[in-house]
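So you can see what is in the structure, the chains are spelled out below.
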Amino acid sequence: MTHRVHVRIIPRPGLLDPQGQAVEHALGSLGFVGVGSVRVGKAIELQVGAASAEAAEAAVRQMCEKLLANPVTEDFEIEVEA
Amino acid sequence: MAHVAVVRFPGSNCETETLAAVVRAGGTAELVDYRATSLGTAEVVILPGGFSYGDYLRSGAIARFAPVMAAVQAHAAGGGHVIGICNGFQILCEAQLLPGALLQNAQRHFTSRPVDVRIERNTTCCTADYARNEVIRIPIAHGEGRYVADAPTLALLEGEGRVVLRYVTVPGTDMPANPNGSLNDIAGICNATGTVVGFMPHPERLADTTLGSDAGHRFFTSIVSSLASGVGT
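Sequences listed follow chains A and B, in order. Counting from 1, one number per residue, gives the positions in the first sequence under the working numbering. Counting from 83, one number per residue, gives the positions in the second sequence under the working numbering.
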């Protein structure tokens, strides 16, 4: 069975995120007040054939650890659509 | 004679001048396709600059799984010399042959200009012909050159003398140091044995006096003389 999986990859806290900074400045200059700690990451969507949602999540976790995210600089979250 | 393999990935764009720089220094070199499964008789492998696989996902993230990388990993594991220049450095970090990672420049844009770098370690195969702490001016050209690593890794690199190149400001010049926000002004590092070396600047782009300077030429004479004398092997 096929599962729709969403992966969110976010630069690790503590690391300078120049894109996040630029977006934060842009939001401020557009008049949005009270915005802080903006971080820009990536969203990846996949269709994964697996026997269960748990198996799909386990497979995508391996994909994240091997390729999709850099363990030195990024954290990731996996969501399998119900 | 030193024989060098220069790997060409889809999107490499510095392989020809890298190969020429080796030959100019008196070595022999060949281009090796990214689909190759062997490095032939090469004693040194260079991963050149460029935008392998379009820098998709992250710089070097896809190239590290190219077929040739198994041979590069085996070469490194056997104590062979591996050098990564710019995108090659990014690939070596992604492949975990070197620690840390290279992220988007702090100033957010691609930067192409000369930098002053100090050769802090001259016991690698590509820096042996420089004096220790010699400062040279060679170009950079990258958008993702900000070296980061966690604090223990940085302490290890500093403690073991594994910072090979560091961005510096030369007194009396107006050349700003640290062009990308790299931690500890790191421009290049090596592995624990000094056999795997990666750096962001491009010595191959300034290795002939017809270009106004050959400040990078000795990276390549170093390779030739190191292998001839067995230094660092």
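Keep in mind the hints are simulated off the structure, nothing from the lab. Since the model is a prediction, treat every value here as computed from it, not as a measurement. Hints may be right or wrong, so weigh each one.
[As the list claims (entries may be wrong)] Simulated restraints, written as ranges between beta carbons of each label pair:
id: 1; chain 1: B; residue 1: Thr235; chain 2: A; residue 2: Glu54; range: 39 to 45 Å
id: 2; chain 1: A; residue 1: Gly31; chain 2: B; residue 2: Asp232; range: 34 to 40 Å
id: 3; chain 1: B; residue 1: Ala237; chain 2: A; residue 2: Val40; range: 25 to 31 Å
Positions of the beta carbon are idealized from the N, C-alpha and C atoms, including for glycine.
Checked hints:
no.	hint	result
1	Thr235(B) / Glu54(A): 39 to 45 Å	violated, 34 Å
2	Gly31(A) / Asp232(B): 34 to 40 Å	holds, 38 Å
3	Ala237(B) / Val40(A): 25 to 31 Å	holds, 29 Å
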